[in-house]
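Whole structure, please, built from the sequences with the hints as guidance.
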Amino acid sequence: MATPNFKHALFCAIVTLIIAYPILGLNLVAQGTKVGLEGATTSTVISVVLAAFVVFFFQLFRDSIMGNLGKLPKLNPLSGREPMPQAKRAKLESWVLTAIVVFALFWPFLVSRGSVDLATLVLIYVMLALGLNVVVGLAGLLDLGYVAFYAVGAYTFALLSQYFGFSFWAALPIGACLAALFGLVLGFPVLRLRGDYLAIVTLGFGEIIRILLNNWTAVTGGPNGIGGIPEPTLFGMEFGRRVKEEGNTSFHETFGIAYSGEHKVIFLYLIALVLAVITALVIRRLMRMPVGRAWEALREDEIAARSLGLSRTAVKLSAFTIGAFFAGFAGTVFASKQGFISPESFVFLESAIILAIVVLGGMGSQIGVILAAIAVTILPELAREFADYRMLIFGAAMVLMMVWRPQGLMPMRRIHIELKRQE
Amino acid sequence: MLEVSNLSMRFGGLLAVDQVSLDVQEREIVSIIGPNGAGKTTVFNCISGFYKPTGGKILFEGREIQGTPDYKISRLGMVRTFQHVRLFNQMTVVENLLVAQHRHLNTNLLAGLIKTPNYREREQKSLDRATYWLDRVGLLDLANREAGNLAYGQQRRLEIARCMVTEPKLLMLDEPAAGLNPAETKDLNQLIVSLKSDYNVSVLLIEHDMSLVMDISDRITVINQGRPLASGTPAEVRQNDDVIKAYLGEA
Chain Y
0 MATPNFKHAL
10 FCAIVTLIIA
20 YPILGLNLVA
30 QGTKVGLEGA
40 TTSTVISVVL
50 AAFVVFFFQL
60 FRDSIMGNLG
70 KLPKLNPLSG
80 REPMPQAKRA
90 KLESWVLTAI
100 VVFALFWPFL
110 VSRGSVDLAT
120 LVLIYVMLAL
130 GLNVVVGLAG
140 LLDLGYVAFY
150 AVGAYTFALL
160 SQYFGFSFWA
170 ALPIGACLAA
180 LFGLVLGFPV
190 LRLRGDYLAI
200 VTLGFGEIIR
210 ILLNNWTAVT
220 GGPNGIGGIP
230 EPTLFGMEFG
240 RRVKEEGNTS
250 FHETFGIAYS
260 GEHKVIFLYL
270 IALVLAVITA
280 LVIRRLMRMP
290 VGRAWEALRE
300 DEIAARSLGL
310 SRTAVKLSAF
320 TIGAFFAGFA
330 GTVFASKQGF
340 ISPESFVFLE
350 SAIILAIVVL
360 GGMGSQIGVI
370 LAAIAVTILP
380 ELAREFADYR
390 MLIFGAAMVL
400 MMVWRPQGLM
410 PMRRIHIELK
420 RQE
Chain D
0 MLEVSNLSMR
10 FGGLLAVDQV
20 SLDVQEREIV
30 SIIGPNGAGK
40 TTVFNCISGF
50 YKPTGGKILF
60 EGREIQGTPD
70 YKISRLGMVR
80 TFQHVRLFNQ
90 MTVVENLLVA
100 QHRHLNTNLL
110 AGLIKTPNYR
120 EREQKSLDRA
130 TYWLDRVGLL
140 DLANREAGNL
150 AYGQQRRLEI
160 ARCMVTEPKL
170 LMLDEPAAGL
180 NPAETKDLNQ
190 LIVSLKSDYN
200 VSVLLIEHDM
210 SLVMDISDRI
220 TVINQGRPLA
230 SGTPAEVRQN
240 DDVIKAYLGE
250 A
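Sequence lines, in order, name chains Y and D. Residue numbering for the first sequence follows numbering that gives the first Met the number 0, beginning at 0 and increasing consecutively. Residue numbering for the second sequence follows numbering that gives the first Met the number 0, beginning at 0 and increasing consecutively.
Check each hint, because a few of them may be wrong.
[Said to hold, decoys possible] To give an idea of the interface, some chain D residues facing chain Y are shown, with a C-beta separation under 10 Å as derived from the structure:
(1) Thr67
(2) Asp69
(3) Ile72
(4) Tyr118
Read the hints as simulated data drawn from the structure, not as lab findings. Everything numeric in this text was worked out from a predicted model, so none of it was measured. Note that CB positions come from ideal geometry on N, CA and C, so glycine has one too.
Below you can see the structure in the form of structure tokens.
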């Protein structure tokens with residue numbers, strides 16, 4: 000047993016050295032007009048070697064270490080308990096959700112402007128992830144181009160406001176519906192595709208939208224993007240220092256309070272919160288309706304579903320359309336929050352992040368997806384102190400997550416329809 | 000009510016079904032039998048719309064239906080089961096039956112979102128229908144279990160119940176007795192006969208074991224290597240020399 004372990008451990012240590020030394024030790028420095036390579040300082044070399052030793056010894060005695068770890072008391076004292084009965088769980092879930100929403104309503108008044116701004120972004124991701132959850136988690140259609148619908152929503156608002164002077168409230172439903180229409184249009188060609196093939200086509204669709212926005216300079220402004228997107232108003236009250244549009248009044252003057260930039264941020268946050276809650280509630284309801292059951296049935300066994308008269312076309316298109324609709328919601332809010340959008344905001348990475356949120360949260364599980372959206376958005380911010388290693392830490396966290404909970408933070412537990420017996 | 004004439008299905012160079020004709024009258028149990036690989040399931044797939052037949056006609060209640068998409072055919076009132084049970088495993092037993100009734104439910108999204116009284120009523124009705132059929136096939140006690148956790152025989156019965164909640168006119172069963180023990184097979188045969196007598200359902204049955212279908216079938220069609228071999232009442236088929244040859248080999 001010892002020999003293969005030793006070889007393996009040595010190999011791991013060498014790999015550690017090879018990977019760690021260039022990443023941590025070598026620095027690019029500008030020397031006049033040229034770029035030079037600078038070797039590592041002694042302390043870095045020592046720590047890299049030390050790390051290699053740690054890896055070596057850990058791998059050498061891995062079996063006994065892991066064996067002893069198993070004997071430690073369980074970290075989670077609840078891990079062995081029976082699953083809750085469904086009725087109790089549903090009740091608890093709705094209580095927790097209500098508590099979170101109430102807390103979220105008051106929270107922005109207590110914290111800094113930056114946090115509220117970040118929280119708005121989190122809420123946008125919550126909307127996106129909940130929408131994608133319908134497509135990926137419930138209907139089982141892997142969509143890698145989801146960001147396209149987000150872009151459609153954002154650009155709809157931006158263009159409508161630029162060319163026709165639409166306000167946020169008028170553009171919100173239009174943006175969402177237009178995104179839904181794009182979902183429908185994309186749905187048609189990909190109906191027959193499954194799994195990998197579907198993923199590739201949707202990926203292509205996402206790129207098409209982005210490249211179109213990038214190159215259609217005459218209308219979209221190309222890579223320069225569109226600026227000056229108006230902020231939402233509250234019954235005709237604007238949140239800026241000065242009223243921009245005629246006929247509107249300003250918020251701080253109406254209520255006779257001093258102007259503060261925070262009002263606008265908080266108001267946007269509250270809009271995002273309300274929309275996110277609506278998204279969550281609507282999808283929650285849909286899951287228990289015939290259409291929700293049809294999504295799941297088609298995911299579980301397409302042939303059986305068809306034999307029972309479920310039209311594959313209608314079911315898949317409805318999933319795409321509804322998912323896209325909520326992405327359009329999120330896009331409109333995003334455009335309003337940023338005040339400026341460009342195709343840069345809608346790259347493939349964005350799709351990947353949203354998908355990561357859904358997978359991380361546990362496919363199909365709403366609470367899981369919400370938690371994951373918070374984690375994925377906030378983690379990179381928290382890790383800002385680590386500067387260059389920020390994304391490294393993010394990646395490591397993802398890998399650990401998948402080892403620790405391969406089914407996601409909160410795997411979906413289906414809410415079953417219970418048949419109540421009349422005694 | 001179902002009339003299949005000169006049905007042919009060709010996969011490239013393989014003629015899987017060649018000029019098969021059969022018909023099912025109202026309230027009749029018709030069986031298709033034949034050795035393994037005879038093309039029975041292919042005939043089924045053609046009738047239920049999973050394959051588009053390369054030749055021949057299929058008439059259901061006087062309408063030509065060959066080439067109609069599968070989901071439309073089941074909406075016409077022809078529902079099938081599968082040789083290997085195909086349930087929605089992660090859904091509960093009741094939910095399996097609810098999925099099947101989706102077209103009895105209001106498909107209007109808005110009505111469902113705000114739970115109109117009409118929507119509730121329909122939902123309740125479909126639950127009642129599900130309850131009735133679960134009771135009928137003896138699965139009522141397991142209604143809230145996941146379908147994938149049922150025993151094999153129970154899954155078979157659930158699959159039949161799932162077809163029956165759609166209120167079909169013609170039930171097509173693909174080897175319903177496969178994998179069942181003799182006692183379960185007997186129960187199943189009783190169930191099939193009662194479906195015919197109590198609910199006016201015609202049944203088209205595939206089976207490769209002849210003895211099973213002899214008792215319950217009104218008529219039998221025998222297929223061998225894609226070609227029709229014989230058809231008639233069980234007694235006639237039993238006497239037929241070609242059938243005996245196909246099943247027992249030539250002497």
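Comparing the hints with the structure gives:
no.	hint	verdict
1	Thr67	violated (12 Å)
2	Asp69	holds (5 Å)
3	Ile72	holds (8 Å)
4	Tyr118	holds (9 Å)
Checked against the numbered hints above, the structure violates only hint 1.
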